[in-house]
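> So you can see what is in the structure, the chains are spelled out below.
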Amino acid sequence: MPKSPIHHHIFSIAHRKSGYDIPLHTRLGTEFLVLLIALMTYLLLLSASGSIGLGHMADKWVSGLENAMTIEIPASENAQKQAEKLAEKLPKIDYVKTARVLTQSDIGDMLSPWLGNDTSVLSDLPLPTLVSVELTKRTPATTLSIKNTVNSTAPEAIVDSHEVWLVDLLKLTNGLRVTALIVFGLILFVTSFVIAGAVRSRMAMHQRELELLHTMGATDKYISLQFIRYIFSQTTKGLGFGVLAGLMTFIFFAVFTNQSTGTLPELKMGQIDWIILASIPFLLLVIGTFTARQTVYSVLNEMP
Amino acid sequence: MIKFEHVGLRYGIGPEVLSDITFTLEQGSFHFLCGPSGAGKSSLMTLLYLGRKCSRGQIHMMGKDTGKLKRDELAELRQKIGVVFQDFRLLPHLSAFDNAALPLRISGVSEKKIKNHVEELLDWVGLGDCMKRLPATLSGGQQQRIAVARAVIANPRLLLADEPTGNLDDETSMKLMGLFEQLNKMGTTILIATHSTQILDRLPHRRLILNQGHLDIFDPNAQSTEPPKMPEFLHA
Chain E
0 MPKSPIHHHI
10 FSIAHRKSGY
20 DIPLHTRLGT
30 EFLVLLIALM
40 TYLLLLSASG
50 SIGLGHMADK
60 WVSGLENAMT
70 IEIPASENAQ
80 KQAEKLAEKL
90 PKIDYVKTAR
100 VLTQSDIGDM
110 LSPWLGNDTS
120 VLSDLPLPTL
130 VSVELTKRTP
140 ATTLSIKNTV
150 NSTAPEAIVD
160 SHEVWLVDLL
170 KLTNGLRVTA
180 LIVFGLILFV
190 TSFVIAGAVR
200 SRMAMHQREL
210 ELLHTMGATD
220 KYISLQFIRY
230 IFSQTTKGLG
240 FGVLAGLMTF
250 IFFAVFTNQS
260 TGTLPELKMG
270 QIDWIILASI
280 PFLLLVIGTF
290 TARQTVYSVL
300 NEMP
Chain Z
0 MIKFEHVGLR
10 YGIGPEVLSD
20 ITFTLEQGSF
30 HFLCGPSGAG
40 KSSLMTLLYL
50 GRKCSRGQIH
60 MMGKDTGKLK
70 RDELAELRQK
80 IGVVFQDFRL
90 LPHLSAFDNA
100 ALPLRISGVS
110 EKKIKNHVEE
120 LLDWVGLGDC
130 MKRLPATLSG
140 GQQQRIAVAR
150 AVIANPRLLL
160 ADEPTGNLDD
170 ETSMKLMGLF
180 EQLNKMGTTI
190 LIATHSTQIL
200 DRLPHRRLIL
210 NQGHLDIFDP
220 NAQSTEPPKM
230 PEFLHA
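First to last, the protein sequences are chains E and Z.
Heads up, the first sequence is in numbering that gives the first Met the number 0, so the first residue is 0 and it goes up one at a time.
Heads up, the second sequence is in numbering that gives the first Met the number 0, so the first residue is 0 and it goes up one at a time.
Extracted from the complex, chain E is given alone in its bound form:
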């Protein structure tokens, strides 16, 4: 009975089950690579999501503070009247969207984390009267006009344009983002370094087989493809574990932040953020195989 092409194909696979001319499928102590790749993937996912999350947090804080000002009028008999006058005058300035005198209840809400929900104590405290100003755009001219109006209406009032806060917050969040990116780069570098070490170690273990293949006319490409396949399979296994651990952490974090009291801004990932995170395993795979290729070529280059 004639044998089908499928039979031939299966037969050829059966002959060389491992698929390697060099016995890379044997366990020779380089299996730590899977664990290491898993750890690196996990750390990369954490650092990338940390960087993305911090970016969103900074954007929210900045947008919240950038277009807002608070005018504080120290407690006095005229404070409430002065505040009402300001609430009338300020919206006439360009780019001022609203100006609102904060009520006792608004101030109570703001102070509730420190004083509790009992608003009766507020009447006993010499609290300033606050005017919250919302801008459509912050320009130097607008800021100057607001300050002039405040000086003429309530000379003892203080204009808090949140600039000090803004600069400090931006410095902090940008610093953290840069740190997260540096950590990301370092992890990639270390991963690449470890893969190169593992490949060199395997090549040293199989020096005899390499020399034989070389003698038989195997090109550098032929030999490197076997190592690329080996690193690809090890990296894929490691990526699987790393991504799984990363997902579990994200789920845990999502559940945890849902239960928070709202003092922290909510962290939401956009579509692009998920695409960036999803591309990390592919990035690792590309770096792993590229490193394996370059390492094999550099070692083989020492042969004639």
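Result set (EDC-like, lysine to aspartate or glutamate): computed pairs, CA atoms no more than 16 Å apart in a straight line:
1) 52/Z x 210/E
2) 2/Z x 215/Z
3) 146/E x 71/E
4) 220/E x 72/Z
5) 220/E x 71/Z
6) 91/E x 133/E
7) 184/Z x 25/Z
8) 52/Z x 301/E
9) 96/E x 133/E
10) 69/Z x 219/E
11) 170/E x 58/E
12) 220/E x 75/Z
13) 170/E x 65/E
14) 2/Z x 19/Z
15) 136/E x 162/E
16) 69/Z x 301/E
In short, the hints are calculated from the structure, not lab data.
Take the given structure of chain E and dock chain Z to it, following the hints.
Frame of chain E, contents of chain Z only:
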């Protein structure tokens, strides 16, 4: 076919193990390489299968100056050379079939052709029923036959064999030599390193005699040629 011109070889900063070697092997010729242990036979074989670059001189092979070839061109040239090593150098994790198939896989031959060729050749060397067995489960003689099959499977233009009959009985040795002669008649250039006086006596091919890194050539067919001073072990 192969031309060595004033070739020298030294390992590192050590003394020359081969000095001023000059010879030519014509296409389709059959030569024996003889010499005592330590004479430089293995080093000469290494140069012939392009496993090392010479320290001085020039090696021309199949019309190409090997010193000027790029890596891929050298690999291509090596694919035309079959080598039978004294210690077989079979890959222990591969079956007899896969060991023999290695040169064809390296050359990119299709699996269908590989199957046909390897089965036919292993049948011919008497290992048709051992194809799936690992080298460790085979006798020394069987391993040697796989090594020979692997060397000739890709129909090389140059066949180098280092003591190919070392582990074989007389009958199998002569059968193997018959295979080499057959390949030679088909145009393959053959160089066999051997100590076997039995083979040297029976097959009157030209001999390259290495002694202390120097090479002499002796043609037993040329009656007028005075044989060079032969080492003791070659006295028939």
